[in-house]
Structure formats: structure tokens, C-alpha cells
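Chain A is already provided as a structure; the job is to place chain B on it using the hints.
Protein chains: 2
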Amino acid sequence: MLNRINFLALMILALPGCSNVPLRGTGDLGVVIERATGSIDVVETSGRSVLGKVTGLGDLSHASVNYSRDGRYAYVFGRDGGLTKVDLLEMRVVKRVMQSGNSIGGAISQDGKLVAVANYTPGGIKVFDSATLDQVADIPSLDDTGKSSKVVGLVDAPGNRFVWCLFEAGEIWVGDFKSPATPVLQKFKHIGKEPYDAMITADGRYYLAGLFGEDGLALIDLWNPEAGAKQVLNHYGKGEQKLPVFKMPHMEGWAATGSELLVPAVGRHEVLVIDENNWQEVAHIPVHGQPVFVVARPDNRQVWVNFAFPDNDTVQVIDVQSRKIVQTIHPGKAVLHMEFTPRGESIWVSARDDNKVTIYDSETFAVQGELHVDSPSGIFFTHRANRTGL
Amino acid sequence: MLNRINFLALMILALPGCSNVPLRGTGDLGVVIERATGSIDVVETSGRSVLGKVTGLGDLSHASVNYSRDGRYAYVFGRDGGLTKVDLLEMRVVKRVMQSGNSIGGAISQDGKLVAVANYTPGGIKVFDSATLDQVADIPSLDDTGKSSKVVGLVDAPGNRFVWCLFEAGEIWVGDFKSPATPVLQKFKHIGKEPYDAMITADGRYYLAGLFGEDGLALIDLWNPEAGAKQVLNHYGKGEQKLPVFKMPHMEGWAATGSELLVPAVGRHEVLVIDENNWQEVAHIPVHGQPVFVVARPDNRQVWVNFAFPDNDTVQVIDVQSRKIVQTIHPGKAVLHMEFTPRGESIWVSARDDNKVTIYDSETFAVQGELHVDSPSGIFFTHRANRTGL
Numbered sequence: 001m002l003n004r005i006n007f008l009a010l011m012i013l014a015l016p017g018c019s020n021v022p023l024r025g026t027g028d029l030g031v032v033i034e035r036a037t038g039s040i041d042v043v044e045t046s047g048r049s050v051l052g053k054v055t056g057l058g059d060l061s062h063a064s065v066n067y068s069r070d071g072r073y074a075y076v077f078g079r080d081g082g083l084t085k086v087d088l089l090e091m092r093v094v095k096r097v098m099q100s101g102n103s104i105g106g107a108i109s110q111d112g113k114l115v116a117v118a119n120y121t122p123g124g125i126k127v128f129d130s131a132t133l134d135q136v137a138d139i140p141s142l143d144d145t146g147k148s149s150k151v152v153g154l155v156d157a158p159g160n161r162f163v164w165c166l167f168e169a170g171e172i173w174v175g176d177f178k179s180p181a182t183p184v185l186q187k188f189k190h191i192g193k194e195p196y197d198a199m200i201t202a203d204g205r206y207y208l209a210g211l212f213g214e215d216g217l218a219l220i221d222l223w224n225p226e227a228g229a230k231q232v233l234n235h236y237g238k239g240e241q242k243l244p245v246f247k248m249p250h251m252e253g254w255a256a257t258g259s260e261l262l263v264p265a266v267g268r269h270e271v272l273v274i275d276e277n278n279w280q281e282v283a284h285i286p287v288h289g290q291p292v293f294v295v296a297r298p299d300n301r302q303v304w305v306n307f308a309f310p311d312n313d314t315v316q317v318i319d320v321q322s323r324k325i326v327q328t329i330h331p332g333k334a335v336l337h338m339e340f341t342p343r344g345e346s347i348w349v350s351a352r353d354d355n356k357v358t359i360y361d362s363e364t365f366a367v368q369g370e371l372h373v374d375s376p377s378g379i380f381f382t383h384r385a386n387r388t389g390l
Numbered sequence: 001m002l003n004r005i006n007f008l009a010l011m012i013l014a015l016p017g018c019s020n021v022p023l024r025g026t027g028d029l030g031v032v033i034e035r036a037t038g039s040i041d042v043v044e045t046s047g048r049s050v051l052g053k054v055t056g057l058g059d060l061s062h063a064s065v066n067y068s069r070d071g072r073y074a075y076v077f078g079r080d081g082g083l084t085k086v087d088l089l090e091m092r093v094v095k096r097v098m099q100s101g102n103s104i105g106g107a108i109s110q111d112g113k114l115v116a117v118a119n120y121t122p123g124g125i126k127v128f129d130s131a132t133l134d135q136v137a138d139i140p141s142l143d144d145t146g147k148s149s150k151v152v153g154l155v156d157a158p159g160n161r162f163v164w165c166l167f168e169a170g171e172i173w174v175g176d177f178k179s180p181a182t183p184v185l186q187k188f189k190h191i192g193k194e195p196y197d198a199m200i201t202a203d204g205r206y207y208l209a210g211l212f213g214e215d216g217l218a219l220i221d222l223w224n225p226e227a228g229a230k231q232v233l234n235h236y237g238k239g240e241q242k243l244p245v246f247k248m249p250h251m252e253g254w255a256a257t258g259s260e261l262l263v264p265a266v267g268r269h270e271v272l273v274i275d276e277n278n279w280q281e282v283a284h285i286p287v288h289g290q291p292v293f294v295v296a297r298p299d300n301r302q303v304w305v306n307f308a309f310p311d312n313d314t315v316q317v318i319d320v321q322s323r324k325i326v327q328t329i330h331p332g333k334a335v336l337h338m339e340f341t342p343r344g345e346s347i348w349v350s351a352r353d354d355n356k357v358t359i360y361d362s363e364t365f366a367v368q369g370e371l372h373v374d375s376p377s378g379i380f381f382t383h384r385a386n387r388t389g390l
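The listed protein sequences derive, respectively, from chains A and B. Here the first sequence stands for residues 1 to 390, numbered as in the UniProt record's numbering. Here the second sequence stands for residues 1 to 390, numbered as in the UniProt record's numbering.
This is chain A alone, in the form it adopts within the complex (with noise of 0.2 Å):
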């Protein structure tokens, strides 16, 4: 009689679905990287609440992560070179490759088949199976002299496309990945002095590398690529009185709201206009410091800026339609991130030092909860799996 319990209690644990994982929906979710300590937490934002951990992820110092189509793992790259599938649902890595020796960050493409990752040591990208992790795809990135790069600016854009830029070399590549062991290369040469970071618009059409190098912006037309890559704004960048430049921004956050963008100005402190059709500057707005992230509110009516040190304690809300600063708070010591819910009601922001993260209503600024998480850096939503470029 005991075997036969036995059995049965084994069967119990055989029982295929069977498991203490509840039931629930992707779509709330998202992860907040633990900086120090190789760890990201998972978050819902209907409840506004950690639901766990999930340890083991190596060097997250700077760290990105993309979403599988259906919101249920998260790929998370990190500054060592290791690329993790996490699962969220039962919150354990599924696994875990190490695929080069020092990484900048990743993009999935736009059938969520395969993730990309983009590698300062030894360069190039490399191409992996999104279901597995296996390696499709290894494309270094050497220049006519055979000497290879450090690629940054790595994104996706639609037609299985992924773009990156070589840092050494000046270039801007943009790989067809429909047959993804045989990708066909397109590659824009002397586009500029040490792209350092790019960023897609929204729609997948403009391509925007900011240069280290030189000033002005490398932008690609991939609606019209045959036009080649141009340089714009030739006054965006360190300026020829050389300012000290605390950080360099960051492109992702670019706010494209309608025919503008809002952009960190680099060094100063001001967040610059852009007019998206003709790619001038039609105006600055004062800001408190030097600006890192500028992100726009999904219904594009305001926009949040966090700064660089010994600013970074502080955050800015612009109202776009006005231009004016509508307030300023102080969310923490070290403000790394800001992450809006999906439909903007909500904003989420990293405070490292204070390790935690602090929810806001992004129409009265009350705060609507703060989370203990240790050294916060990235919050990172699964509605961006729905999403070209993030």
C-alpha cells in the first residue's frame, strides 16, 4: 500500500502543468537590475510589487535586456560578455552562454527569433537562437584593413534587420537577417568619428549615431538607404571649447515626440529641439544639469530628464507642448533609470545609492510606491517586446 501512495505522490509531481508556479499574464511584468550583485528583480506594475529574484547573472554593471515575443523571458546582457535567458514566470535562468569577453548590449529581431549581442572585446556581433541560445551567426567587425572595432548602438529595425556601429572604424552596418545563417551586410563607411552610441526612432525608419570623435550626428534613412549616411546637427557634441563631459548621454532614451525630438545636449546643461524634418535645432530648454536619459511619456506630452553627477540626484519634467519645466524632484542618490508602465500612467525610477525604486503618478507626481532593491540600475518592461528599437 505505502508504494502505491509513493507512486502516486511521485505521479503528483510528475503530472505534466503541474506545478507551484501560479497562472498569470506577461504583460504587467518586467525586471529591475541589481547592479552589485549579478541579480535582477522581477516586478509587476499592476500591484506595484517585487515578486522575486533571480540570482547568477554575472557582471550587470551595465546591463540590457530584451523580451521574447510572449513576455515570459527576458535576455539579459551583461557587461562580461554573458547573455542569460531568464524565465519569468518560474523565475530561474533557463540558460546561460558566455559569448564574448566584454559586451555592450543586445537587440532581439523583429520575428523574436533571434537576439543579437554587440561585443567591445573582440568586436563584431554575434547572432543566437532566441529559443535555445545557440549560436546562428558570428559577423566580426573588421574594416577594409582587416582591423577590427568595438561595435556599440546595437538595434533592431523592422524586416529581421538589426544596425550597429564600429566605434574605431566609423561605420554604420545594417544586417537582413530574414535568412539568418546567411545574413546580407549593407555597410555605410566614413560616416563620422567614433559613433559611440545610436539610437532607432520609434517607427524603425531613422537611424542616429551620435559621434565621440567629432561633433554632429550620423543619421541613416532606412526607408531610403541608397541616400547613404549624412551628418546633421554639426554643432551637437562636445563643441570646440571642449566641455567636461561627465557622462556621455545616453541615446535610447531619445524622446521622439511627433515630428521632434528631444535631445541631451552633451556637456551643457539643456535639453535640445530637434525638428525631425529637417534635422535643426529649433530650440534648447535649460535644464538643471547635464543631461543622461531624456524619456518621453508614452502619450508624448511630457518628457523626464535625469543627470549626470553631482546632478544625479534630481529629475526634470519638461512639458513638451509649452517647452517649460513643470517640476522637479528628488527621487534619490544616484538616478540611474526611468521606466514608464506601457501606457504611461506610471513612472518608474532607479535611485542606486538609496537602493530603491520609487513609483510615480506621472500627471499629479505623487508617489504611488517605493521598492527596496539593492543598487538598482535598469528597469526594464515586457511591453517592449512589442516594440521596434527597445
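Calculated directly from the structure, the hints in this document are not laboratory data. Misleading hints may appear alongside valid ones.
Repeated chains share a single entry, so a pair holds when one copy, or any two copies, can fit it.
[Stated by the list, open to error] Lysine-lysine pairs mimicking DSSO-like chemistry, simulated, CA-CA at most 30 Å apart:
hint: 1; residue 1: Lys178; residue 2: Lys53
hint: 2; residue 1: Lys238; residue 2: Lys178
hint: 3; residue 1: Lys147; residue 2: Lys95
hint: 4; residue 1: Lys113; residue 2: Lys189
hint: 5; residue 1: Lys356; residue 2: Lys53
Same frame as chain A, now just chain B:
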């Protein structure tokens, strides 16, 4: 012994979280309305398959769907006034309320907590708690004389607001539901004769209502409501010659492409291009029939158009940049609806009288799949949970 074994067998069924429902993400789910049978098919877009069917949803002859913010639950609005909450994971009806005699669609609030339904009979809107479907507010649609109007064009807007039209009264009402039981109403009167449908731009700024009783459209800029409702596009409508109109075009599908709207002409074989800066018609594109839905691919590079009887076997694709038709396809008899996957690599097209949904590659127009569905009409994917006005 048998008792013990039976007890254990019962224990298996009672184990918390133990079910036959496999864990899965909800970001790639959706539903297809089976118009004739009062059922919905639950589908997924990664493997392009039907996962199952949920029955007993009443009259779905003019049904629409919203999603909970976690993507797990569909709120199905039936023509008979039924509001049904369906669990897409367990594939069952969670709750069903008959909230009126005749309804025309619904919306879910920005925070996901409120579901609103627009009613023909007896008019007005009713607002429900999205978790329990308990009624939270009941707002009749009485004009100054105490006469009730049919409600149409109900959408959500940022700031936890809903916006709707009173057909007979010719009014637009904006309700602020930050305190759900005591909503604050703002009424725009004399906006034009018989608003029959409406749309809100993806940023939640502009609300546009089509007029049945006269030509033109009523426009409210929700960022500047004090400016009141304006009448724009005064030639938009049936015109003085009173063209035969086989089906008034749906406005939900109006395609916003950056600073332009592509809009179905009423009664004419044309798609109109409207400049959003001045609300003037800047071009018209000849098409195969009277357009019904004009849907933008998520990257805004193409719009797909279906047509009223007798041209409802055809779909055309317009290249937005050149304003030329680049493809004409024949998905089957009585094409009723089209839905892009969230990042736009595929489009799903329902052909009611051929009982099938065909899935196309939106770049090559190749058929990627075909599903048998009984009298399919609307197709709705869960990423709508994360968008304004969808």
C-alpha cells in the same frame, strides 16, 4: 487502501497551482471573433495556431475586445449588451454580465482598473471594475431636454479618461475617472449632426468624430480642451450628391503615420491623406472600392485597406512614402478585419464567408499560414492592452 488512494487522487486535483494549463506568456496571444456562433478562438502569433475555443458569449455580430493590463483576460463586448470576461490561459468565461439591451463597444482605462461600455439601448455608458465586473458608474446620455442618445465612439484617453459621442444630441463628452464613482464630466455641445463613430490618435491627443448628418468631422484637442470642438475637413462625408454608401467606414482603423492621417473616404473609391498640423486634405489615393478599414503597419511605412461590398474580397496595400498601391491581394470572401502582429512582421486577415484567417508576411506578401475559423470577424491581439485607444 482504496480510500487512501482516492483521497490522494482528490489531493492531486486540489493542489494549489496544479492544473492542466501549461505555463505560458500572454504577450503573443489574441482572439478571433466567431461572429455566427457566439464564440471566440484563442490564438497565438509565435507558432500561428489556434489554442482553443471559448463559447457562450452571446450575439457577437458586432463585437470588440479589450485586454487586461497583464494580457491574461479579454473583455468581449457583444451587440446584445453582454460584457464577458474571458481567461485566455484557462480558456473559460470568468464572468458575464448583461449590462444593457444593445451595445456598440467598450474601452479599458489607462490604469487597467475600469472597463466602460457604450450603449445604444437605453444609451449612456456603464463602467465596471475590471477585476470583478461590479458596476462602478452609470452615466446616462441625456441632453438638455432630457432626451437620451445612443452612445458611439467610446475610447480611453490618458489621465484615466474616457471620451464618447451622443449620436442624436450631437455632443462629445469627456469623463475623468480618477475617482471612478464620482467621475468629472466635460460636455462639448453642438459639435455637428449625428456623430456616428470616432477615433483617438495613438498619442491620445486628438479625438475625431465622423458625422452622419452632415459633412465634416468634429475635432477635440485633448491637450487644449478649452479651445472647444472644431469642425474640420468640411468636405469629408457623403457629399451633396449623396453617393450610395454601402458601409460607413470604421474610424478605429484610421492610420496615423507621423504627422499625416490616412482616412477612408465616404462613398468614394479613395483613401484621403490629411495633414495633422492643419487638418487639410493634402492628397487622395485611388483604391479598388469603398474603403472600410485603413490600417497602418506598426512602422507606418504601409497601410492596408479593405473594402465594402461588392469589393470585399480584396485588400490593397499602399506605400505611404510614394502614396502608390504596391500590392492587391484576394484573401477570400467577405474580408472583415485585419490585425498586424505587434511589431508588424505579419498581418492576420479574416475572410468571413470562406471561414478562414490568412496570415501574410507584410514585406513579401507571402502566405505564412491559414487557420480554419467559423465566420471570423474581428481579430485582436493582446498588445492592445499597452496602447491608448485600442
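Structure-based check of all given hints:
Proximity of Lys178 to Lys53 under the C-alpha cut-off of 30 Å is found in neither arrangement, the shortest distances being 36 Å within a copy and 33 Å between copies. Within a single copy, Lys238 and Lys178 get their C-alpha atoms no closer than 39 Å, and across copies no closer than 45 Å, so neither meets the 30 Å cut-off. In this assembly of identical chains, the alpha carbons of Lys147 and Lys95 never lie at most 30 Å apart, being 32 Å within a copy and 64 Å across copies at closest. Taking the closest pair of Cα atoms, Lys113 and Lys189 come within 30 Å of each other only inside a single copy of the chain (29 Å); across copies the shortest separation is 51 Å, beyond that limit.
In this homomeric assembly, Lys356 and Lys53 come within 30 Å of each other (Cα to Cα) only inside a single copy, at 15 Å, whereas the closest approach across copies is 44 Å.
Consistency note: the structure conflicts with the earlier hints numbered 1, 2 and 3.
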